[in-house]
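J.: The lines below spell out each chain.
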Amino acid sequence: MSSTVDGIVFLALAFATIGGAVMMLATRNVVHAAFWLLEVMLATAGLYMLLSAEFLALVQVLVYAGSVAVLILFTIMLTLRRREDAIRDFEPGWGAGILAVLFGGALLFAVERFSAQMRPGVMPEVVPDVAAFGEKLFTSWAVPFEIASLVLLVALVGAVWWSGGDGQ
Amino acid sequence: MTLLWGFLWGVAAVATIAGGAILGVWWERKVSARIQMRYGPQQIGPFGSLQMIADVPKLLFKEDIVPALADKAIFKYAPLFVFGPVAVSMVVIPFTAGWAPLDTSVGVLFFLAVPSIEVIAILLSSWASHNTLSTLGGLRATAQMISYEVPRSLAVLAIVLLAGSLRPLDVVAAWRWWWMPLTFVAFVIYFIASIAEMNRGPFDIPEAESELVAGYFADYSGMRWASFMMAEYGAMIAASLFGAALFFGGGWPFGGALGVVVLVVKAVLIMTAIMWVKWTFPRLRQDQLMSFCWKVLTPLALVQLVVIGVVLAWL
Chain A
1 MSSTVDGIVF LALAFATIGG AVMMLATRNV VHAAFWLLEV MLATAGLYML LSAEFLALVQ
61 VLVYAGSVAV LILFTIMLTL RRREDAIRDF EPGWGAGILA VLFGGALLFA VERFSAQMRP
121 GVMPEVVPDV AAFGEKLFTS WAVPFEIASL VLLVALVGAV WWSGGDGQ
Chain B
1001 MTLLWGFLWG VAAVATIAGG AILGVWWERK VSARIQMRYG PQQIGPFGSL QMIADVPKLL
1061 FKEDIVPALA DKAIFKYAPL FVFGPVAVSM VVIPFTAGWA PLDTSVGVLF FLAVPSIEVI
1121 AILLSSWASH NTLSTLGGLR ATAQMISYEV PRSLAVLAIV LLAGSLRPLD VVAAWRWWWM
1181 PLTFVAFVIY FIASIAEMNR GPFDIPEAES ELVAGYFADY SGMRWASFMM AEYGAMIAAS
1241 LFGAALFFGG GWPFGGALGV VVLVVKAVLI MTAIMWVKWT FPRLRQDQLM SFCWKVLTPL
1301 ALVQLVVIGV VLAWL
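The listed protein sequences derive, respectively, from chains A and B. Each residue of the first sequence is one higher than the one before, starting from 1 at the first, in my numbering. Each residue of the second sequence is one higher than the one before, starting from 1001 at the first, in my numbering.
If you're looking for bench data, these hints aren't it; they were derived computationally from the structure. Predicted model, so just to flag it, every value in this text is computed and none were measured. Built from N, CA and C at the ideal position, the CB exists for glycine as well. Don't take every hint at face value.
Claimed, not checked - DEER-style ranges, computed between Cβ atoms:
1. B:Trp-1294 - A:Leu-78: 14 to 22 Å
2. B:Trp-1294 - A:Val-111: 41 to 49 Å
3. B:Met-1037 - A:Ile-8: 53 to 61 Å
4. B:Gly-1006 - A:Leu-107: 31 to 39 Å
5. B:Trp-1294 - A:Val-122: 43 to 51 Å
6. A:Gly-164 - B:Thr-1132: 23 to 31 Å
Based on the provided sequences and hints, a complete structural model is requested.
T.: Right, dumping it as structure tokens:
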């Protein structure tokens, strides 16, 4: 029963993820594209939730849906000089097409070549909770974690300095 | 089975918010009237308490206007995503000792993360209206809500640090009365930042009537407008309940059904304080709003965290 429900939810979420990605590419309106990107992010969070990775799912919602998508929309809205500019013609270039085919081929080749060596991960019996995750993060991964936060801090200070203007 | 319960809780949350919004509007009209030395609604029902029963059908029967140049799909459905996340965030509130509709080990984060979807819905609906004033309001609302998420999360973090858990039920179980003076600053920060998050006065710059008509929902009418209204009252109800649960120990000193009553009473007190603030202070300016967030609230929240850290080491 439970696995059936999980399967149905997974199918719905997987469809939402891939469908959203396709719609993002297919739509001609950049604001709609941003909306579809948001939908893909939320569906991905749902997939994490399905894997019992609640913390990751919530961080996905908070960071990607709550901030990155807003940032993208902000950028679009502030750089559009006229509202009509939001709608662009669909004009695929030859270069992009060749690149897509090459990348897709490489991906298929890699999957074909190495699929024998890749084994699906085994789900642990008990899902480790967020406390265990925090302990790992602040003991064995403390240095990478601190470096990551330092990089973000530098970016933040840089952004403030950049936007401060000459007067300050 | 879990899915079915999920749907049931969804319905319950929407019903709670709708009912709470109806009562909240009446209560706000009474409170604001008293502050302005008026009586407020008094004709329909005792103390005008049935006024909203008359107002709801009026809202339902209003014409649903979609501007001709609006981005139809987004304009029509964005209000749903303004209201939805608020209703969803209600499920992790620990209503009494040992019981929350959804008991999850990251409940506190859930409550802070899920409403952030609302920001993007507001931004999209404001843009879809094809109206400069709406878009300006939407951009203001977004900047404000994203900024005030920082001090709000830091304030909640103080309680989480004391309790040593992100599970709301654990926080309520670990809560002691002397946390109240210790985390008072954190509560004040949470209170102010929550008001800013729900775009209420004195932080209602995004919907400033005198300059932006009604800001991001200026072009909405009927039920679509009502869903913005319900989102605001829903955010108020959720923030009050959650604040009462985390900062004032939920149903403390009672458990069980009496605990729920005590929690609701505490939440109503917080809600009344939110209304009191709205009807007392004048609206801030945009630059004052931002500098208050980044130069006052955020450092203060960090100081509070340090204090808690020292106390924890000393315990």
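J.: Taking the hints in turn, state whether each one holds.
T.: A quick look at each hint next to the structure:
1. Take Trp-1294 of chain B and Leu-78 of chain A: their Cβ atoms lie about 20 Å apart, and the range 14 to 22 Å holds.
2. At about 47 Å, the CB distance of Trp-1294 of chain B to Val-111 of chain A agrees with the hint of 41 to 49 Å.
3. Hint check: Met-1037 of chain B to Ile-8 of chain A, Cβ distance near 59 Å, so the stated range 53 to 61 Å holds.
4. At roughly 36 Å, the beta carbons of Gly-1006 of chain B and Leu-107 of chain A sit within the given window of 31 to 39 Å.
5. The beta-carbon spacing between Trp-1294 of chain B and Val-122 of chain A, approximately 46 Å, falls within the hinted interval of 43 to 51 Å.
6. Distance hint check: the CB atoms of Gly-164 of chain A and Thr-1132 of chain B are about 28 Å apart, consistent with the given range 23 to 31 Å.
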